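Place chain Z on chain L using the hints.
Just so you know, the protein sequences line up as chains L and Z, in that order.
Numbered by the working numbering, the letters in the first sequence go through residues 5 to 117 in order.
Numbered by the working numbering, the letters in the second sequence go through residues 11 to 125 in order.
To be clear, the hints were calculated from the coordinates, so they are not data collected in a lab.
From a predicted model like this one, the values you see are computed outputs, not experimental measurements.
Just so you know, even glycine gets a beta-carbon here, dropped at the ideal spot from N, CA and C.
Careful: at least some of the hints might be erroneous.
[Said to hold, decoys possible] Sample of chain Z residues with no beta-carbon within 12 Å of chain L, all distances over it, derived: (1) 23; (2) 27; (3) 78; (4) 81; (5) 84; (6) 94; (7) 96; (8) 118; (9) 121; (10) 125.
[What the hints assert, rightly or not] Derived DSS-like pairs: lysine-lysine, alpha-carbon spacing no greater than 25 Å straight-line: (11) Z/88 <-> L/46; (12) L/46 <-> L/5; (13) Z/88 <-> Z/27; (14) Z/21 <-> Z/88; (15) Z/21 <-> L/46; (16) Z/88 <-> Z/25.
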Amino acid sequence: KQEVTQIPAALSVPEGENLVLNCSFTDSAIYNLQWFRQDPGKGLTSLLLIQSSQREQTSGRLNASLDKSSGRSTLYIAASQPGDSATYLCAVRPRDSWGKLQFGAGTQVVVTP
Amino acid sequence: GAGVSQTPSNKVTEKGKYVELRCDPISGHTALYWYRQSLGQGPEFLIYFQGTGAADDSGLPNDRFFAVRPEGSVSTLKIQRTERGDSAVYLCASSLGTGGNTEAFFGQGTRLTVV
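Next comes chain L alone, as it looks inside the complex (with noise of 0.2 Å):
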């Protein structure tokens, strides 16, 4: 059964520094890997897409990268600001149950003035 992990559960960094967030999974065999952001009471946001064949994808300051056979994804947020205050989560899409996104339960983020 596929598992998806996130650690830290929270964070709170100083303005200016880059975030790192790991998401890890039990099951590599996965089509693709997606990150969300979740402002509070708000729907999901869709930041990033990686497909199973991909290392990693990079949208504004924001970078994926994925290492499959690991079972672990990390996105990177460059130069943070107070707006990037939100909690994230990775999603995979499994190979057994396509339609059947699995979740991690995410890391809520929190950048000081």
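Same frame as chain L, but now just chain Z:
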């Protein structure tokens, strides 16, 4: 539409009542998903549709929960005889295609409170 739309945004109901939650996916998206999220947890899969049919409903917790998508677009999640434990945020998502580059887009959710 421009994004996934869910109505209502908030719903308070009494224990034992019936509720319907609506999801309007992104136009043209063939896959539609329902998830449930409790406080401090990641979303938990309930059901997903390809077109009009439920392709996987293994996440529905019991027979009080049912979902339909009669015309392959709008979907309704129906909960009978609501219980306090059903209180959560219900999220809907949609996606285009069936391949490895499929990206899921989520709505703002419906916060259901059973009192």
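Those earlier numbered hints the structure runs against, lowest number first
8, 9 and 12
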